[in-house]
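Quick note, the sequences are listed as chains A and B, same order.
Heads up: the first sequence begins at 2 in the numbering used here, then just goes up one per residue.
Heads up: the second sequence begins at 2 in the numbering used here, then just goes up one per residue.
If you are wondering where the hints come from, they were derived from the structure by calculation, not from laboratory data.
One or more hints might be untrue.
Given that identical chains are not distinguished, each listed pair holds provided it fits within a single copy or across any two copies.
Stated by the list, open to error - Listed below are the simulated DMTMM-like cross-link pairs for lysine to aspartate or glutamate, each with C-alpha atoms no more than 20 Å apart in a straight line:
| no. | residue 1 | residue 2 |
| --- | --- | --- |
| 1 | Lys350 | Glu314 |
| 2 | Lys358 | Glu288 |
| 3 | Lys175 | Glu134 |
| 4 | Lys356 | Glu288 |
| 5 | Lys346 | Asp324 |
| 6 | Lys175 | Glu185 |
| 7 | Lys356 | Asp236 |
| 8 | Lys346 | Asp321 |
2 protein chains.
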Amino acid sequence: MPQFPLPPGSTLGILGGGQLGRMLALAAARLGFDVAVLERDADSPAGRVAAHCIVGAYADPAALAQLAALANVVTYEFENVPAEAVLTLQSLGVVVAPGPEALAVAQDRVAEKQFLNASGAPTVAFASAASAEQAVAVAAEMGPPVLMKTRREGYDGKGQRWVEHAPDAAAAFKALGGVPVILEAPADFVRELSIIAARGRDGATAIYPLAENHHEGGILRRSLAPATVSPALADQAERIAARILQGLDYVGVVGIELFEMRDGRLLVNEIAPRVHNTGHWTQDGCEVDQFEQHIRAVAGWPLGPTAAHHRVEMLNLLGDEADAWPRLAHEPETRLHLYGKRDAKPGRKMGHVNKLKPL
Amino acid sequence: MPQFPLPPGSTLGILGGGQLGRMLALAAARLGFDVAVLERDADSPAGRVAAHCIVGAYADPAALAQLAALANVVTYEFENVPAEAVLTLQSLGVVVAPGPEALAVAQDRVAEKQFLNASGAPTVAFASAASAEQAVAVAAEMGPPVLMKTRREGYDGKGQRWVEHAPDAAAAFKALGGVPVILEAPADFVRELSIIAARGRDGATAIYPLAENHHEGGILRRSLAPATVSPALADQAERIAARILQGLDYVGVVGIELFEMRDGRLLVNEIAPRVHNTGHWTQDGCEVDQFEQHIRAVAGWPLGPTAAHHRVEMLNLLGDEADAWPRLAHEPETRLHLYGKRDAKPGRKMGHVNKLKPL
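Extracted from the complex, chain A is given alone in its bound form (with noise of 0.2 Å):
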């Protein structure tokens, strides 16, 4: 088992190789400490700056026991990492952060809302189907229009359907792949809204501002941040992410998305177990960002501070968008993140810009 504050030069492991196990790479190089990323492509964003790059999938034995042999401390970049791999890391004696009970709930947006409702972070109310003619069920007692997701899996706006009239629920329900779904009753919010917050091994934690955001066919397209909000409701999602980070007995950064209702009330839309697109501001907006942050708590190092020194608007950069790179780079104001991506396909995160406005 290892011993904690974990050492500068240790290895940290990281399941996936995207952009956020990249910028999660790049923070930890800084604190002095080497990564092995786990990931099925050889040439990923992320295991083209880790000193160590195991090509397999998550749930590979051969490939956790290698990832064992390296790093006895294991982070990963996404919430659908296998349960079984989280096992396999466990038995041979790595420490998996965030732990195995945040993304079992992570993974399953009904455990996820009845945590949350059972931990005091309010949600919109749901019900959950798993056939079509329960779905239709449901869908008439919730009174249409209802959002139909799968319990599992899905980001980005993939795998969920809008349900106008009860009987076309089983229409949807075929139409995601006949798995068990969840049926949500509509948000009528007025901003979304996230809070990225951050747990250290000694339950200390860390809670930056408010990011307010904006989505585009269930794709985040801005952030700005810290977001215009009165301290009441700042205190109410303090309060919230204090919940939910003590519920899950939780390690390292998480990102609650929030929908700020019409009377002034939050509710949780859903919680990331990782670091999050919403909180890339934090890169240019704080001194120690949200991957800093997750690396300081995952190694059981004293988190760092969350107060922002400059205003920053986000914009993530969509697929051909990222060929604007001459021109973002010439701007004073913008500081340009591009994630090494070989493949521009359209909507596909391929880096985002801070734009810095004084606080």
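With chain A fixed as given, assemble chain B onto it according to the hints.
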């Protein structure tokens, strides 16, 4: 030949695998570049964060051919890159930046001072000697005390001796290895300052605020930046930097060490054609740090802003001073940068901290 500006996804080559190479590689990764490091040590600080690591001597033709096959723009972390390595790379179609003129000047203390004086950048009085007898004669003519340094090599105070009496110059010459030397008049300075400056491929320049530096035993211990200086002194330093950049048709970041004399004049002590230890404060004090600035310059990108948003005290962590990381990680105003070096020999630069203060 590469096309400029070099697009993200290209591979940049770095000669040298130490901490400067590591921090350059991390900055390159943020902009979406891949990095290939050429370094004698298979397990180097920079190699561990680079996509490619070629193990070999700088002048090894096979290693240089490998590097040229990966990267058509190459830079370095170290001014004592052999001239033949640069010629070999150029013959393979590689653009090396900063260019060979800058390297030639930086590798020979006599050529350096001749260039500086010819460019209107004043230095202490100096003369060269190639034999013990000549050294004695020159020392007598200049009037001791004089500082004798090898013309080539030597850093962090190595390769130099004070000569208090002219006849002692013979012994000093022998102690320095019997190689060509420079003799320098003492600089009666009140402060050591430095200025980090950059020049792009388009000839644009970007100059950071001055740093005030404190050395012990020839090794930098501490920089304070932006240094408290009069506007006239800042102007004088910027004019010197601009002359040096233009005189060398420079591309990249240069570190210029200055003596502030009692009479208010600035003399140039030496120039380093690379990112510089006295510029580490820019990592946490400026929006675009010296590492990103250097990558921007060599990649033919526009230069970024150089204004400070924090005052910074940079402290080098030498040898086992880096063992203080658990305490340093607790200080909210302290940003920790560790280099991933395996072996904390006394005096070895293992990391640095930037302590932030309001401007």
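Could you tell me which of the hints above the structure violates, numbers in ascending order? Of the numbered hints given earlier, the structure breaks just one, which is hint 7.
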